[in-house]
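Let chain A serve as the given structure and place chain B on it in line with the hints.
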Amino acid sequence: MKKNPLMVLGFYLASALVLFFSLFPFYYAIVSSLKNGSALFSTSLWPAHPSLANYIAIFKEQSFGANLSNSLFVATGVVVFSLLLSMLAAYALGRVSFRGRGTLMMCILSVSMFPQVALLSGLFELIRTLGLYDSLWALMLADLIFTLPFTVWVLVTFMRDLPKEIEEAAVMDGVGIFTLIFRIFLPLLWPALVATGLLAFIAAWNEFLFALTFTLSNEERTVPVAIALISGGSSFELPWGLLMAASVIVTVPLIALVLIFQRHIVSGLTAGAVKG
Amino acid sequence: MDDSLIARARRRQAYWLVLPTVIVLAAIAGWPLLRTIWFSLTNAQLSDMSAREFVGLANYIGEAGVLRDGEWWHSVSNTLFFAIISVVLESLLGLGVALLLNTPSRIQALLRAAVLVPWAIPTVVSAKMWSWMLNDQFGVVNAALQSMHLISTPLAFTADPHLAFPTIIMVDVWKTTPFMALLILAALQLVPEDCYEAAKVDGVPRWRVFRYITLPLIMPGILVAMIFRTLDALRVFDLIYVMTSNSHVTKSMSVYVREQLIDFQQVGYGSASATLLFLIIALSTTIYMVGTRRRMENAA
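Order-wise, the sequence lines are chains A and B.
Numbered according to our numbering, the first sequence terminates at residue 276, and the numbering increases by one at each position without gaps.
Numbered according to our numbering, the second sequence terminates at residue 1300, and the numbering increases by one at each position without gaps.
Here chain A stands alone, though its shape is the one from the complex:
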């Protein structure tokens, strides 16, 4: 069948539009972050005198280095705890049929739909009681609310698809349950673990409400909160160059990870949403 030239033209026009809208804002953030002084207030699409002054300034004048390592610490911790707990739970929920399994799955799923603010006062009390207020552990604990249900659900989906024979052979050999889960299933679930781990990492890295509420001091802030709270006296004084530099630093690693693992991510997203 011959292609209609009008259709081809339409396709490329639409694609150009999508490319422009997807990429331009981030491109402009990079351009702005390289501009300084009054150059920032010209809307040229190319920095005339590119400089890294903004990037140096956020590390020197703000506690951005500490904010970055906080975010890294919290997000990594959340991923480790979520994957560890959900590997155990997903084995039980995905491969053993026991009474109440369906109800349990529904309960876990419903937790992921809790609005975060509805937990805020109860969680605030819990965190204070545990003495975790203004500490990164509070955020790690709180973030599990949305990452754990998600990792359990996605891993159950993948766990269920593993062939039965492997398990039977393992049981024949008298292998213990933890060996079965971590030594036999875990290597097979590698792509699923990468996908769910990465999505949990992104969710924790981006989390804002808990981080804003449960930390107080500048040293305990994660990057989204630090970025949201960079401010000047008025909208005229907002240090846009610094803000854009911080934004670029926070986003580049995420975009890199997402592009490297894009196939896994798409399968993880669809396992979590469409199949669920």
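Note that these hints are calculated values from the structure, not bench results.
Do not take every clue at face value.
[As the list claims (entries may be wrong)] Label pairs and their in silico Cβ distance ranges: (1) A:46 - B:1194: 46 to 52 Å; (2) B:1194 - A:49: 27 to 33 Å; (3) A:49 - B:1220: 50 to 56 Å; (4) A:161 - B:1160: 33 to 39 Å; (5) A:7 - B:1019: 56 to 62 Å; (6) A:45 - B:1149: 17 to 23 Å; (7) B:1148 - A:10: 21 to 27 Å; (8) B:1223 - A:51: 18 to 24 Å; (9) B:1144 - A:130: 37 to 43 Å; (10) B:1220 - A:14: 46 to 52 Å; (11) A:49 - B:1027: 53 to 59 Å; (12) A:106 - B:1149: 52 to 58 Å; (13) B:1194 - A:191: 17 to 23 Å.
A quick note: this is a predicted structure, and the numbers were derived from the prediction, not measured.
Glycine included, each C-beta is placed from N, C-alpha and C at the ideal position.
The following block gives chain B in isolation, referenced to the frame of chain A:
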């Protein structure tokens, strides 16, 4: 005999394996939710949450209760409006983008990668980026619109009461359309190839193929994605908080609740509005679960 013994042992083991997850979720989600509901029946203050009295439903229906607060109802209508408009726009655009991504071409890989970029950018960052681009004095958007002679004076996108809401929706649509597109793309790729082959042989026009074959087949996928996004949109916080902070015009339910709880320190009153928000979302979730029960039963 032996088999049932093993099966029974496995079932017992299964309970132990699920237990840690259940305990963690009960402790950090179940218990706090119950406490929030309990606080909503008291006059607790943030400074000293232990000094509180039971006030019954006063926080809900009392003289100064949430249900009598015009500001609350304003935030409810804001949130519903935001959820409906943005989810509809995202679904339509997402469908369009998904169709582009599904078309074999030389730029397919590039397109797919580019579409992931807005999705990978943290909400706070995209809110700040757009605030900068939409800045009334130095923003590139105003400059572009002016140079094309579409407007004569710069627009105050986030400050103008008429523009603030459409602006927020536009930024949300920018950020979450990729998510929608990816989910719809996944549904598109499940459509069996022979459906198209048959249509091609019969010479059915493209748009009719789309209307009568593709669309009905991907509709369940689109609906699930829409419901997920709706539940998300009803909780909207980051975007509105960062772009228009405490503006009355764009306040969502989550912004309202946090303001009462933290800024005004009214834990009792704030918890009451939090409980109402929870009920609204629980109701939506229930409708969703009843609607897709068969899908769930297959999965569980």
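Structure-based check of each hint:
1. A:46 - B:1194: 46 to 52 Å: holds (51 Å)
2. B:1194 - A:49: 27 to 33 Å: violated (60 Å)
3. A:49 - B:1220: 50 to 56 Å: holds (55 Å)
4. A:161 - B:1160: 33 to 39 Å: With Cβ atoms ~52 Å apart, the hint is violated.
5. A:7 - B:1019: 56 to 62 Å: holds (57 Å)
6. A:45 - B:1149: 17 to 23 Å: holds (19 Å)
7. B:1148 - A:10: 21 to 27 Å: holds (23 Å)
8. B:1223 - A:51: 18 to 24 Å: Violated: the Cβ-Cβ distance is about 50 Å, outside 18 to 24 Å.
9. B:1144 - A:130: 37 to 43 Å: Taking Cβ atoms as reference, residue 1144 (chain B) and residue 130 (chain A) lie about 51 Å apart, which means the hint is violated.
10. B:1220 - A:14: 46 to 52 Å: Given range 46 to 52 Å: violated, Cβ gap about 25 Å.
11. A:49 - B:1027: 53 to 59 Å: This hint holds: roughly 55 Å between Cβ atoms.
12. A:106 - B:1149: 52 to 58 Å: holds (57 Å)
13. B:1194 - A:191: 17 to 23 Å: violated (29 Å)
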